[in-house]
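Colleague: So the protein lines, in turn, are chains A and B.
The opening residue of the first sequence carries number 155 in the working numbering; numbering runs sequentially from there.
The opening residue of the second sequence carries number 155 in the working numbering; numbering runs sequentially from there.
Any given hint could turn out to be false.
[What the hints assert, rightly or not] Quick list of the computed label-pair ranges, beta carbon to beta carbon:
#1 B:Asn388 - A:Arg224: 55 to 63 Å
#2 A:Arg224 - B:Cys193: 52 to 60 Å
#3 B:Tyr630 - A:Ser282: 39 to 47 Å
#4 B:Ser192 - A:Pro557: 50 to 58 Å
#5 B:Asp307 - A:Asp305: 24 to 32 Å
#6 A:Lys391 - B:Thr390: 47 to 55 Å
#7 B:Ser318 - A:Asn519: 53 to 61 Å
#8 A:Lys488 - B:Gln317: 43 to 51 Å
#9 A:Ile389 - B:Asp292: 31 to 39 Å
#10 B:Asp292 - A:Tyr426: 16 to 24 Å
#11 B:Ala306 - A:Phe373: 52 to 60 Å
[Said to hold, decoys possible] In the SDA-like style, the derived pairs of lysine to any residue whose C-alpha atoms are separated by at most 20 Å in a straight line are:
#12 A:Lys236 - B:Ala409
#13 B:Lys488 - B:Leu199
#14 A:Lys236 - B:Lys291
#15 A:Lys236 - B:Pro288
#16 B:Lys562 - B:Glu532
#17 B:Lys291 - A:Val459
#18 B:Lys290 - A:Ser280
#19 A:Lys327 - A:Ser280
#20 B:Lys291 - A:Ser518
#21 A:Lys443 - A:Lys327
If you're looking for bench data, these hints aren't it; they were derived computationally from the structure.
We treat Cβ as the ideally placed atom computed from N, Cα and C, and that holds for glycine.
2 protein chains.
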Amino acid sequence: MSWITFKMWVPLKLFVAIWLLAQGACDAWGYEDNEISSCSLSNDLIKEIEDYAPIVHNIINMTVNGTYKRSTWQELSTFVDKFGARPSGSQVLEDSIQYMLNRSLNVNLENVHGENATVPHWVRGSESATLLEPRKKDIALLGLGYSVGTDADGITADVIVVQSFAELKTRAKEVSGKIVVYNQKFVSYGETVKYRSKGATEAAKHGAVAALIRSVTPFSLYTPHTGMMSYGENITKIPAACITVEDATLLNRMADRGERIRLNLKMEAQSYPDKISRNVIAEIVGVEKPNKTVVISGHIDSWDVGQGAMDDGGGAFISWNSLAILKSLNLRPKRTIRAILWTAEEMGIVGARQYIQEHRAEQSNLQFVMESDMGTFEPVGLDVTAPVEVMCILKKVMSLLTPLGDMKLRSPAEGPDIEDWINAGVPGASLWNKNSKYFWYHHTNADTMLVENPDALDMNTALFAAVSYVVADLSYDFPHLK
Amino acid sequence: MSWITFKMWVPLKLFVAIWLLAQGACDAWGYEDNEISSCSLSNDLIKEIEDYAPIVHNIINMTVNGTYKRSTWQELSTFVDKFGARPSGSQVLEDSIQYMLNRSLNVNLENVHGENATVPHWVRGSESATLLEPRKKDIALLGLGYSVGTDADGITADVIVVQSFAELKTRAKEVSGKIVVYNQKFVSYGETVKYRSKGATEAAKHGAVAALIRSVTPFSLYTPHTGMMSYGENITKIPAACITVEDATLLNRMADRGERIRLNLKMEAQSYPDKISRNVIAEIVGVEKPNKTVVISGHIDSWDVGQGAMDDGGGAFISWNSLAILKSLNLRPKRTIRAILWTAEEMGIVGARQYIQEHRAEQSNLQFVMESDMGTFEPVGLDVTAPVEVMCILKKVMSLLTPLGDMKLRSPAEGPDIEDWINAGVPGASLWNKNSKYFWYHHTNADTMLVENPDALDMNTALFAAVSYVVADLSYDFPHLK
Chain A
155 MSWITFKMWV PLKLFVAIWL LAQGACDAWG YEDNEISSCS LSNDLIKEIE
205 DYAPIVHNII NMTVNGTYKR STWQELSTFV DKFGARPSGS QVLEDSIQYM
255 LNRSLNVNLE NVHGENATVP HWVRGSESAT LLEPRKKDIA LLGLGYSVGT
305 DADGITADVI VVQSFAELKT RAKEVSGKIV VYNQKFVSYG ETVKYRSKGA
355 TEAAKHGAVA ALIRSVTPFS LYTPHTGMMS YGENITKIPA ACITVEDATL
405 LNRMADRGER IRLNLKMEAQ SYPDKISRNV IAEIVGVEKP NKTVVISGHI
455 DSWDVGQGAM DDGGGAFISW NSLAILKSLN LRPKRTIRAI LWTAEEMGIV
505 GARQYIQEHR AEQSNLQFVM ESDMGTFEPV GLDVTAPVEV MCILKKVMSL
555 LTPLGDMKLR SPAEGPDIED WINAGVPGAS LWNKNSKYFW YHHTNADTML
605 VENPDALDMN TALFAAVSYV VADLSYDFPH LK
Chain B
155 MSWITFKMWV PLKLFVAIWL LAQGACDAWG YEDNEISSCS LSNDLIKEIE
205 DYAPIVHNII NMTVNGTYKR STWQELSTFV DKFGARPSGS QVLEDSIQYM
255 LNRSLNVNLE NVHGENATVP HWVRGSESAT LLEPRKKDIA LLGLGYSVGT
305 DADGITADVI VVQSFAELKT RAKEVSGKIV VYNQKFVSYG ETVKYRSKGA
355 TEAAKHGAVA ALIRSVTPFS LYTPHTGMMS YGENITKIPA ACITVEDATL
405 LNRMADRGER IRLNLKMEAQ SYPDKISRNV IAEIVGVEKP NKTVVISGHI
455 DSWDVGQGAM DDGGGAFISW NSLAILKSLN LRPKRTIRAI LWTAEEMGIV
505 GARQYIQEHR AEQSNLQFVM ESDMGTFEPV GLDVTAPVEV MCILKKVMSL
555 LTPLGDMKLR SPAEGPDIED WINAGVPGAS LWNKNSKYFW YHHTNADTML
605 VENPDALDMN TALFAAVSYV VADLSYDFPH LK
């Protein structure tokens, strides 16, 4: 997922909180399912949901123990091993999209097509940083998405190390002509990522010539992390890259000793004209209400490092393979289930925003939207943003999933690509999973198939398949939040 | 520490076991101190040891809470930040040795001098591996110590992936002209490192042109590990490097799919004529028996990646700073305490072997030899190889260390640099610490100050200072094992 998610959740959460207060429905928005205390589903609806137990258990059993065991891992590993990293604007991303369109046809999915989206084309090129003083040393780095590059000789300048934007401001007079190194503490991704996204702009305001930001991670094995950044308006664009926690702390210690630190930074990074990419669409068309739709989704693009197996290969493939399994099991619900593999999420939720905008007219037909983009480790349940009635139905649906363990609900949903829908009131959910190590791998060369566990992928696939099927087949149309 | 340690412990353990059976003293060699069940120290000796409690508590208190709190971390970080990696044969290693000689003089240590040792001079140079088929991809690697290089164009060849030497043998006819990739499972360092040390030789026997070995580690963030290898006699020397767990498993999956794998490997690695290096010696000369000596030690050299802060900066500095603290506290024991910072351990225990050989004549004067080279995480106690009487004394000494926790004894000692002494019967100990993540960092760019915790360093320093002081001051001369 991209940084924008976190940036956007602050106002969204505020909005949701205010809305809930207005509705007097706060009691339905606890962080654990046992806090949904005011459910009063009709006996008919309870019975209807309970009657899905045999189908749900078959979906789970076939996915976790039966014919489809390890199939998500197989599909995902074949895909990411074949294509590797799939950055926005690249031919390899388009090839991987074409592959998934073909694969969708091969497994008889319906309405298989790509929908065009205009996407950015930023290319890293080669890059290097070399500490020149107090001693010579290579500094591992990863340039940040949208960063400008340097000229061929690079930028050679003295370094100032700061630990916060506050310190940068206090020492503003020392910054001009220097490379600013941010050695900010890792608090949480949501809190700390601002240094990656805004570090260059804040440094440039005081005349810095480049910004090197400590990678946003709680753990490092000399692991640089990339990610998106953006430039403020009317601010000089200076090159920005992340360095390792190890080197950021080393430079900080050198600075604390009063040593002069001098560094050469070379980056070929460049933005090229936009390209046309595609969101991948595949469906099982509903038998009674084909225009009513449940969406299951993840993004197909990745950063240009690693394999994008975790971010977001896992999410894309539990979504896509859920649909393939339902199709293979000849399960056709009343409503349509649509798998979407979003393009260019990493460069700013680009594919999803265009798709959602272009499909505003049909938005009221969306029954439920699901996304997985925070890891596909062992599942815990779903993060949901929805009206209380929907929460209550989902709670009952989750009780059918006991073969997967005690699957829980929590609020709110956390999906970047479905965010615009959630903001518009569409009921939605993201995968809640045991992702405590997610940011160890995030946006690094370590985002490979080794992160993905076949059994966890099976469980997540079963969860997505079962929930999407039941929600798509229920007699009850989900209300929207506004 | 280097791989040879583990290779050598098998015959050593066997020898020790046979010796013990012969002595009928097996009951004294348990793995926990409470298994030393047959101790019968004289009341005088018990009283003598107990009387050290105030001195020991002062050493611990001053090191962990007082004047010297964080001093080991300060000394170590100043050192490794200044010099970085310190490979055998390099000028930077010699500079770092000179620095420690000067630093030893600065803190008034005695008999400060270097003792020459002839050391290997292997230089990595630049190196790269590029997957050419089934798709183009950079493969991170670290060439192995003593490996030959390639010519400037590198080696371009098909790849065969095997998971074991047994599989290599079974598929021997497929190997000729190929690059062998070993994707062996990680069992333990001692068990698995044979692929790194012998992989090239075994592959060359069947006509392979290069060997790429999965890094020997239980955990990776796309982290290549280096280390030593050796060539068998009369075997063609082929280039050898470690690749990441991620890439070894990727190549294995590609091979499993029947894909042709083609790779280009470039390595400038080269061995140059030996150089003269120095073991660093510093002492507090004993007041009653100056020729009788307790040694505390770690190695000053490192691999040419990372900072060598863990391997073995931590071990070297808890040893050296123990002596500096005892000196600063004006504690002069009956016997001499000698700190030794060994040179060129990583290239085959080179400095220590020469030192020990050259000092065979005085070997009988060694009271006790200590080493730390398996991490300086939180201490657990000591790994000891010694006669039962010495074990019993040490058990009593450890009971004085309660301010550090419940410090334990275990057998045998595990130190590469003191190995020749242990083999010769000198009583010795290595630091036992909570090093479960040691091999995550071992021989990588991630071996930096971030691995080292100031409080753990203080505790380990206090442990080494207290034990070495008491053992050097006791009335009792330790017997040797033979």
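Colleague: Which hint numbers doesn't this structure obey?
Modeller: Of the numbered hints, 1, 3, 11, 19, 20 and 21 do not hold.
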